[in-house]
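Asker: Here's the letter readout for the chains.
2 protein chains.
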Amino acid sequence: MTSRSNSYKAAGVDLRAAEETVDLISSAVASTYTPQVLKGLGAFGGLFAVPEGYAQPVLVASTDGVGTKTVVATQLERFEQIGSDLVNHCINDILVQGATPLFFLDYVAASRLEPTVVAQVVAGAAAACREAGMALLGGETAEMPGVYAPGQLDVAGTIVGIVERAAVIDGSTVRAGDALLAFESGGLQTNGFSLARHLLGERLDDSLPGDELGRTIGAALMAPHVSFLPAVRPLLGSGLLKAMAHITGGGLPGNLPRSLPAGLGATVRRGSWPEPAVFGELVRAGGLPDAEAFAAFNMGVGLVLVVAPEAVAEVRAKVGSLGGSRPALHHIGDVVTGEGVTIV
Amino acid sequence: MTSRSNSYKAAGVDLRAAEETVDLISSAVASTYTPQVLKGLGAFGGLFAVPEGYAQPVLVASTDGVGTKTVVATQLERFEQIGSDLVNHCINDILVQGATPLFFLDYVAASRLEPTVVAQVVAGAAAACREAGMALLGGETAEMPGVYAPGQLDVAGTIVGIVERAAVIDGSTVRAGDALLAFESGGLQTNGFSLARHLLGERLDDSLPGDELGRTIGAALMAPHVSFLPAVRPLLGSGLLKAMAHITGGGLPGNLPRSLPAGLGATVRRGSWPEPAVFGELVRAGGLPDAEAFAAFNMGVGLVLVVAPEAVAEVRAKVGSLGGSRPALHHIGDVVTGEGVTIV
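Note that the protein sequences, when read in sequence, are chains A and B. The C-terminal position of the first sequence is numbered 370 in the working numbering, with every residue numbered one higher than the one before it. The C-terminal position of the second sequence is numbered 370 in the working numbering, with every residue numbered one higher than the one before it.
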């Protein structure tokens with residue numbers, strides 16, 4: 027993680043804070059190292075041996091952030107959360123193509139960085155990496171005076187995963203009549219926060235009407251972005267998954283069609299999965315038409331699996347557990363001839 | 027580059043601007059695709075086949091930004107420049123371990139993104155990727171209202187390269203008496219900008235006293251971050267390079283020792299390479315003692331090669347060309363018993 031300390035020096039500011047940060051995070055980072063991480067081979071970039079046993083290994087990479095969930099996290103001082111949200115978002119982004127994680131690199135920037143804040147973000151990221159068996163291979167922490175608004179920070183990250191070429195999930199076998207099975211998101215994950223803050227940002231400490239967990243609006247907005255890797259891992263390579271869609275920015279209509287071949291769309295039955303109370307509150311506060319709500323938020327759907335109708339029972343039986351229990355898998359709709367997503 | 031458009035949707039703002047950005051950048055991005063990029067295999071993460079022909083392939087990854095060079099770039103509207111600077115910085119970061127680039131992912135964020143600005147950053151990044159034979163495999167563009175100062179933006183990126191395990195350059199064969207050969211940086215590269223802006227930020231339009239190219243202070247500050255890959259590539263795998271150091275934040279004292287084994291330091295002879303006029307101006311403006319100037323800026327040294335004294339002539343003969351001509355390689359000092367860097 028040399029570049030982490032290095033970047034502080036780059037900005038010409040507060041070397042002591044830089045060293046303090048590195049001290050705080052080094053054991054968290056080291057706790058993620060898998061056997062592929064080559065230590066002691068120089069101190070610049072992170073070195074990672076390509077795992078053996080693949081006939082045609084394909085790397086799958088994605089960069090993402092957590093949007094302005096950072097603003098809510100800053101208000102509520104929930105910094106570990108955005109570190110783990112960042113990692114889990116990226117895990118799901120490559121999981122939909124059948125890839126499992128190898129390593130992650132994070133980027134944390136602000137006008138002025140507090141070592142304890144950076145340490146919390148990295149601790150959260152490291153915990154999520156460890157959970158996924160992924161190495162936190164590197165990172166950069168940048169102080170950017172004048173670029174960020176006072177007190178705000180941004181976090182972004184890059185994941186690199188691997189998949190056997192023949193096992194890439196690409197949607198090519200999807201047919202009309204295939205079933206759409208959904209895992210619950212539990213909340214906004216990391217998308218739609220600029221709109222959500224606009225609608226509910228002044229009411230973070232209010233209790234959330236109808237919330238099944240009795241949370242404040244702020245706590246419900248901070249609901250974790252779940253990694254679906256443990257649930258989906260037993261299905262990878264089984265041939266049962268024809269396609270998957272991670273429901274991020276753009277919601278169901280923005281993400282589901284991307285996983286389907288041309289000429290196919292989806293019918294989704296509202297009411298076939300539970301919509302967390304926070305979405306109802308957002309819709310009420312904004313007077314949002316359904317189409318707008320579904321385009322801005324995931325509305326409770328975290329990840330969609332596309333499977334043959336005759337495979338539904340086997341998929342349900344093989345799903346792995348999340349947080350100690352097997353997650354609900356809702357049959358929310360079906361693939362149809364046409365295009366786009368029709369919510370009925 | 028779906029996640030690029032997707033992230034706009036995520037922020038709930040200006041979908042038309044998002045689509046315009048994607049239109050503007052898609053051909054630049056496609057121009058970087060190498061044969062390893064697997065197109066048409068799904069629309070989420072970027073897919074990249076691990077190149078064949080390596081006995082023990084090792085991936086080398088690094089995330090970095092360009093610091094507050096973004097602020098100067100914004101003032102001077104030189105957005106392509108920061109895209110190529112970002113890529114070249116990352117290329118050099120993994121080059122020092124002997125790795126050549128495979129692919130890159132960029133991250134561009136601001137309170138409000140102008141499609142033409144994003145397009146210029148990505149065009150610059152794509153050009154530098156093409157130059158290096160590297161694919162611009164993915165990227166994320168995030169609108170973060172309230173997080174960034176008005177009119178400012180941040181750019182960061184992640185590089186993944188590859189090296190044969192036996193060819194990793196790790197400094198283990200460095201001995202006292204080895205020669206330090208340096209390529210010129212031509213300017214600040216992408217480090218020390220917060221201090222430089224503090225000292226010279228009001229004088230960007232003034233002409234730079236003593237500048238060999240007759241530039242303004244602003245133009246000299248924006249001097250490109252050069253990729254040393256074309257110069258060093260003919261030497262990779264030759265066994266002639268014992269270590270390399272990319273002189274970024276922290277300057278010679280912060281970076282050179284990281285490339286040397288414990289118990290060894292360096293003596294560097296000032297005057298053995300040309301110091302661009304911008305460094306003299308920074309030192310004058312800040313009344314900086316030498317130690318402070320060398321810790322904040324590269325002082326004209328871009329990349330250092332550590333080679334056996336008897337190999338110097340062969341290294342000079344094998345160096346590749348940069349921008350059409352063979353770059354000067356200055357013998358700036360030697361490895362000595364001890365620690366740290368002594369400037370004499």
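Note that these hints are calculated values from the structure, not bench results. Keep in mind that the hints are not guaranteed to be accurate.
Some, not all, of what chain B presents toward chain A, calculated at C-beta under 8 angstroms [said to hold, decoys possible]: (1) ALA56; (2) PHE74; (3) ILE120; (4) ALA175.
These stretches of chain A come out as covered by chain B in the derived footprint (C-beta under 8 angstroms, 3 or more residues) [stated by the list, open to error]: (5) 200–210; (6) 241–251; (7) 254–262; (8) 360–367.
Distance windows between CB atoms, simulated [as the list claims (entries may be wrong)]: (9) A:GLU78 <-> B:ASP360: 40 to 50 angstroms; (10) B:GLY313 <-> A:GLU45: 22 to 32 angstroms; (11) A:GLY349 <-> B:GLY364: 25 to 35 angstroms; (12) A:ARG138 <-> B:PRO260: 17 to 27 angstroms; (13) B:PRO300 <-> A:ALA81: 26 to 36 angstroms; (14) A:ALA311 <-> B:GLY366: 38 to 48 angstroms; (15) B:LEU239 <-> A:PRO315: 51 to 61 angstroms; (16) A:SER52 <-> B:ASP231: 27 to 37 angstroms; (17) B:GLU190 <-> A:ARG295: 48 to 58 angstroms; (18) B:GLY79 <-> A:SER52: 10 to 20 angstroms.
From the three backbone atoms N, C-alpha and C, an ideal C-beta is built for every residue, glycine too.
Asker: Could you work out which of the previously given hints the structure breaks and list their numbers from low to high?
Answerer: 1, 5, 6, 7, 8, 11, 12, 13, 14, 16 and 18
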